[in-house]
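Following the hints, position chain B against chain A.
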Amino acid sequence: MASIESTADLDVKRLLLFRAAGRLCACDLSVVREIVAARVATRLPGAPAWVMGLINVRGTLLTVMDLAVRFGAPRSADGVGSVIVVAGGGKLFGLRVDSVRDVRAVADAALEPVDDQRNADGVVRALVPAGVVGDESALVCDMDAIAREALAG
Amino acid sequence: MSLDPARYAELFRTESREQLATMNRSLLLLEQGGADDQDSLSAVFRAVHTVKGMCATMGYHAVAEFAHELESLLDRVRRGELAHAPALMDALFAAADAFEGGLDSASDTSLATPEMTAALQRLHDVAGGTATGEFRARPQEPMAAHGALVDVAATDPLDGPGVIVRVRQSADAILPGVRAFLAVEKLRAIGAVMATSPTEEVLREATTPQAFALRLVTTASASAIEAAVRSAGDVAQVEVDASGQVRRSTRATIAVVREGEAAAVRAASRTTRFVRMDLARLDALMNLMGELMITRGRLLQLSAGIGDAALDDTLQHASRLIAELQTEIITARMVPVWQVFDRFPRLVRDAARQLGKDVNFVIEGKDIELDRSLLDEIGEPVVHLLRNALDHGIEAPEVRVAAGKPAAGRLVLSAARDRASVLIRVSDDGRGIDRAKVLARAQAAGLVDATVRELDDEQLLRCIAHPGLSTAEQVSDLSGRGVGVDAVQTKVRALGGSVELRSPPGLGTTMTVRLPITLAIVRALLARAGTECYALPLTHVRETLEYGGGAVQHVKGRDVLVLRDELLPLLDLRQVVRQGGAPGKAREIVVIERGDRRSGLVVDELLGQQEIVVKPFDAPREGLALFSGATILADGAPALIVDVGSLFQGT
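Listed in order, the protein sequences are those of chains A and B. Residue numbering for the first sequence follows my numbering, starting at 705 and increasing by one per position. Residue numbering for the second sequence follows my numbering, starting at 3 and increasing by one per position.
For reference, chain A alone in the conformation it holds in the complex:
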C-alpha cells in the first residue's frame, strides 16, 4: 500500500529542459548521465541523417544523434552546442542539442498527450503545455524510442 506522500512524489517528474531545432524540449532527468560540450563527431558511413557519428567521452565511444535533424531542421554545425549523455533502450548514447536550460519538476497531471501528427513517430512522448515551465510548450522526448529508432539491435 503506497502512502499518500509517496503517491504524491510519484506524481511529479523532474524534467531536463533543453532547446533543439528552435523548440523547447524536455526529457526525464533520471535517464540523463551527464552533459558535455559538443565536439566534432566521427561520421558513421551509411547511418541515417540524424546520426551525427561517434564522439569520445573520456575513453568511451558514444553514438550521437542530432535531434534537430530528426525534427526536420538542417544539420547543426559541428562542435557547437551541448551533448546530453543519456541511457535509453539499454544503451548509452549522446543527444546533440542547441543548449541546456533548466531542471523543472512537473506534475504528471500537467502533461498532455501529443497527437499522432506531432509525436514524430513516437520520439515525442508527451507535451508540457505553455504556462507550466514558461511561456512555451515543451516536447517531452522518449529516449528509449530514440535508441530503438537510431541504433541497431
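Hint data in this document are derived by calculation from the structure and do not stem from the laboratory. Careful, some of the hints might be misleading.
[Said to hold, decoys possible] Distance ranges between label pairs, derived from CB positions:
1. A:G794 - B:G406: 39 to 49 Å
2. A:R852 - B:L565: 45 to 55 Å
3. A:G776 - B:L565: 42 to 52 Å
We treat Cβ as the ideally placed atom computed from N, Cα and C, and that holds for glycine.
For chain B alone, kept in the frame of chain A given last:
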C-alpha cells in the same frame, strides 16, 4: 586473507577439469595402443587417483567414492584381470563423462548423479559383475573429522617440494578451527604454505579436534617449525617430515631440514610457480593498458608542440616502458591452443564412431599461443568444422577403399602463426565438396547467376555459408542443418578474422580460420580519406604502394592494379565509405588480401602504422556493416576500424 569457499570450489573445478582432460587423452591413447600400453593406463589411473584425493579434501564424497570404484576397476585392468575390449573402452569413456558431470554438480549435491550410477553399472557389467564393493550414493562425514593422522600419501596436494608438517590437535581443544587456522598462519610467517589437507576452508570450519597436514617450503629448522605450530595452541603432536619421497618416517623423529636442502627446494619451486588469475582481472589490465596507450599518444603530440628536449627524453623513456608493459600484458593473456584442442580427440572419436567412420585424427601446432578470450570463443567454430569434415568430408570406409584410398580417413587440426595472425586449419582427405551440386542448389535459390558454369573456392564458400543451403542428403544429428559454415563465418568475423576454403575435387577439404593474435589491441595502418581517418588492421594487409607509375591501368571500363604478374581489382576507400569530394593527387594503394583473393584499396594518404586499442560502439541502424570496431586516435578523435575481409563481399 580470504577464506571464500567459492574460491576454492572454482580452483577445484579448474584443476579437476585438467585431470579429466588428461584422463580422456590417456584413454584415447590406451584405445589406440591396446592392452600393452601400460603408460597410458597408468596415466588414467593417476588422474582418477588425483581427482579422488581432491574430492575427498573438498568433502565431495559421492564423487570420491565413484573415483574409488573406477580406480579399483582400472587396477584390475592393470593387473590383466580384465580383457582389453572395445566394450570396456566405451564403458570407460562413459565413466569419464559421468565423472565430469559429477564433478560439475559436486558442489551442489552430496549425492551421486544418475549418470554416475549408470556408468558404474555399465563398467561392472563389462567387468563381469565382480565389483570391489557396492557403490553407495550417500553423504558421509567429512574426512577431517576422523581422529587419525591424515594419510598424506593418498592426497596429492601434498606431493611436491617442501617439508610435510603433520599436526594433531589436543582432544580437548576449544575452537579447533580457529587454532588450526592460526597454526597455518604461524607457518606462513616462516615460509610458504603450498597446500593443506584437508583444505584450509575445511580446517577453519572444523568444530572437532583435527589432524591435518600441510606442505611448507621454508628455510626454518624443524624445531622452529614445531615451535611455530605449537604457538597456535591446543597442539598435541607435531611431526615434521623433510624426507620428501619417504613420507612415513618414524613418528617421534623430527628430521632436521638442512639449509642447503631447503634452498634447493626453494629453487625447484621457483621454476614452476604459477598464479591462477581471474580473466576479468586480465581484461581490466588490458583496458587500463589501452587507456595508457591513448594517453601516451596525446602526450607525445603535446610534447611535440612544446619542443623541450628534457621533456621529450623523459617521454621517450616512458613510451618504451609502456610498450614493454603492453608486451608483458599481452603475453600474460596468451595461452597455448592445446588448452582447447585437447578435448577434440575425444569428440572426434565419438562422432566418428557414431557415423561409422574410421578416422586418424592429428593435431599439429599445439603450442601456438592465442589470446585467452579469443581461444575461448574459437572452440565452438572449430567443433563445427570438425563435425562437418567427419560428416560430409570423410567417406565411409568401404567407399574410401572403393576409391583407392586407405580405409581410415585423415583429419588434421593445425594451428600456425602467420605474421600478425594465427591460422587454425581443419583439413580432411575426404571426397571434397560437390561443386556441381552446390552450384545447382545455389542457382535454384537464386544466389548465383544462371550463366555461371563453375564455382571458385571463394564463391563456393559464400554458397555453403549461406543460411539454409545444405547439400547433405540427410540432416544428421551432427551437422548438415545448413547452419554450420554460416555460424562459423559469423563468429570468426565477429572476432576480426576470416574463413578461407580450399576443396580440390576428390582430394578433401581444407577450411582455414585466420584470427588476430589478440582482440583488444591490433596493429593497424591509419589511412586518410578526405578529412577522415580509418584504421586498417594489418591482419589482412599485404603491402602498400604508391599510386601511379604505370601500375594502375584501365581495363574493361574499370581501374586495375598490375602487381607483378597479377591484375588486382581496385577499390577506392572514399567510395567504400560513401564520401564525396575530389580525391587528392598523390594517393597510395594498400594491397589487401583474404585467402587467395587480393585487391588494391586506394587511399588519399597513409598516416603510418600503429597499435590501436579496439573499442566497441553502438552501430546505427542501416549503417554500413564494414567496421569491426573503433579506436581513439592520439588527438582524442574516434576512428573506425575497417573489417578488411568484408570488403571482398562486394567485389
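Could you work out which earlier hints the structure fails to respect and list their numbers in ascending sequence? 1
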